[in-house]
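Counting from 35, one number per residue, gives the positions in the sequence shown under the numbering used here.
No lab work stands behind these hints: they were computed from the structure.
If you're wondering where the values come from, they're calculated on a predicted model, not measured in any experiment.
We treat Cβ as the ideally placed atom computed from N, Cα and C, and that holds for glycine.
Certain hints may be false.
Cut-off 20 Å, straight-line C-alpha distance, at most; resulting in silico cross-link-like pairs (EDC-like, lysine to aspartate or glutamate) [to be verified]:
{"hint": "1", "residue 1": "K304", "residue 2": "D413"}
{"hint": "2", "residue 1": "K320", "residue 2": "D419"}
{"hint": "3", "residue 1": "K328", "residue 2": "E199"}
{"hint": "4", "residue 1": "K326", "residue 2": "D203"}
{"hint": "5", "residue 1": "K328", "residue 2": "D205"}
Okay, the calculated beta carbon distance ranges per label pair [as the list claims (entries may be wrong)]:
{"hint": "6", "residue 1": "D147", "residue 2": "G327", "range": "40 to 46 Å"}
{"hint": "7", "residue 1": "D249", "residue 2": "K36", "range": "24 to 30 Å"}
{"hint": "8", "residue 1": "H67", "residue 2": "E199", "range": "35 to 41 Å"}
{"hint": "9", "residue 1": "A434", "residue 2": "D282", "range": "40 to 46 Å"}
{"hint": "10", "residue 1": "D366", "residue 2": "A422", "range": "17 to 23 Å"}
{"hint": "11", "residue 1": "P229", "residue 2": "H155", "range": "40 to 46 Å"}
{"hint": "12", "residue 1": "D203", "residue 2": "S157", "range": "41 to 47 Å"}
{"hint": "13", "residue 1": "K143", "residue 2": "M414", "range": "37 to 43 Å"}
{"hint": "14", "residue 1": "S341", "residue 2": "G383", "range": "29 to 35 Å"}
{"hint": "15", "residue 1": "H155", "residue 2": "E374", "range": "57 to 63 Å"}
{"hint": "16", "residue 1": "S376", "residue 2": "A434", "range": "27 to 33 Å"}
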Amino acid sequence: MKLNSDLVTSTYAAIKSATMRTPTVYASRLSRHLGLDLYLKLENLQHTNAFKARGALAKLLTLSEDERAAGVIACSAGNHAQGVAYHATRLGIPSVIVMPEGTPFNKVKRTKDFGAEVVLHGSGFDESVQFTMDMAAEKGLTFVHPFDDPVVAAGQGSVAVEMLEDQPDLDAIVVPIGGGGLIAGMAVAAKAAKPEVQIIGAQAERFDAVKARFDEGATHFGGATLAEGIAVRAPSAANMAVIRSHVDRVETATEPEIEAGVFDLLSYEKLVAEGAPGAGLAVIGKLADELKGKKVGLVVCGGNIDSRLLSTLILRGLVRDGRITRLTFEIDDRPGQLSEISRIIGEAGANVVEVIHQRMMQSVSLKQAELEIVIEARDMDHVDDTVAELRAAGFQVRTASALE
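Input sequences plus hints: build the corresponding full structure.
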């Protein structure tokens, strides 16, 4: 079976009744910030909060009665796992999901909650695949691959069908890339409906296998990535063939850029997204000059980010924006200093979040004390104004990131 527009059309017809038609919304704040018209396809609102449910259902619907009775197995860092588990349980099909060790707890729990048996193995997707295939052979289970399957890719391609039905005048669509199933399916569907639409892939710089193959360059693997859902070292050959023939370009984003992208989706548009769409938004930001004035679509492909990770990311984002800053004072060790500093900060319109006042572990003289105050402000200009007021009152103060 070959991935083509007819397969996407027939697959979409098969899954449509059990798939949420997620909205494609205009991102007004980010559009103004980037200087283009940005439309977000909210697959974070899909069943299991990720687009993977589409391809998983598409594959499950092709199984014979004997295959359904025997059950299925999948290997995934989380979103494909949840998609398979959700639809398998809904269809009465037993499922086993192999997840890499270190997969965020929320993804493991949700996969179990959807009714799957979860097995943790390996440090990443690529280390878990062979183990999964061996278990499939041993137990007679059907292996549902997360991206190396034309039916799965066709199911993912339905995202593009809906986007162009909702916004037929899109000039470009940015798609996060891991193993290539989503962008292959979407590119086939999009180019069939609108040949002139530009398809742009977005990868994490630390897992740039598709970009390396696309540009015929070297890969740059190294370390963990916030975009663990697209952290794939070996995309499928079939998907790469489609990407080469249907995708216009592939770009990468660094970890700080991905982190900022996730924060901006939350801060500007109030959307909870994981690292992969953060990479997509980062790529749009890097290409903003080229895309200026155009209508650009971004697939917010998943929202299953770990809550503890998200809380830290929010704090770091506030620090980057200057909305949380640490002020360090060298003050005379006498009564009334702290209340005076607090008064000035309050009158400047900032808010005191935390105070650390100690005398032992410091380098100042014996009759002085070092005081650290974490403040919340509107932005860096507000911080600068607050610090100016403190210095005008005679206080020695220096600023630093609250996370340093």
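Taking the hints in turn, this is what the structure says about them:
1. Annotation: proposed proximity of K304 to D413 holds, straight-line Cα distance about 19 Å (limit 20 Å).
2. Between K320 and D419 the CA atoms are separated by roughly 31 Å; this puts the pair beyond 20 Å, and the hint is violated.
3. Among the hinted pairs, K328 with E199 is consistent with the structure: their alpha-carbon atoms are about 18 Å apart, no more than 20 Å.
4. Of the supplied pair hints, the one linking K326 and D203 holds, its CA atoms being roughly 15 Å apart against a limit of 20 Å.
5. The suggested pairing of K328 with D205 holds, with an alpha-carbon distance near 6 Å, which does not exceed 20 Å.
6. As the Cβ distance of D147 to G327 is approximately 45 Å, the hint placing it in 40 to 46 Å holds.
7. For D249 and K36, the Cβ-Cβ distance of about 25 Å falls inside the hinted range of 24 to 30 Å, so the restraint holds.
8. About 27 Å separates the C-beta atoms of H67 and E199, a value inconsistent with the hinted range of 35 to 41 Å.
9. Range check, A434 to D282: about 43 Å between beta-carbon atoms, so the 40 to 46 Å window is met.
10. In this structure, D366 and A422 meet the distance hint of 17 to 23 Å, their C-beta atoms being roughly 21 Å apart.
11. One distance hint, 40 to 46 Å for the beta-carbon pair P229 and H155, holds here, with the actual separation near 43 Å.
12. Between D203 and S157 the Cβ separation comes to about 44 Å, which falls inside the hinted range of 41 to 47 Å.
13. A beta carbon spacing of about 39 Å between K143 and M414 agrees with the range 37 to 43 Å that was offered as a hint.
14. Between S341 and G383 the beta carbon distance is about 31 Å. The supplied range of 29 to 35 Å therefore holds.
15. A hinted range of 57 to 63 Å holds for the C-beta pair H155 and E374, which are about 60 Å apart.
16. Checked against the given bound of 27 to 33 Å, the beta carbons of S376 and A434, roughly 19 Å apart, lie outside it.
Hints 2, 8 and 16, counting from the list given before, are not met by this structure.
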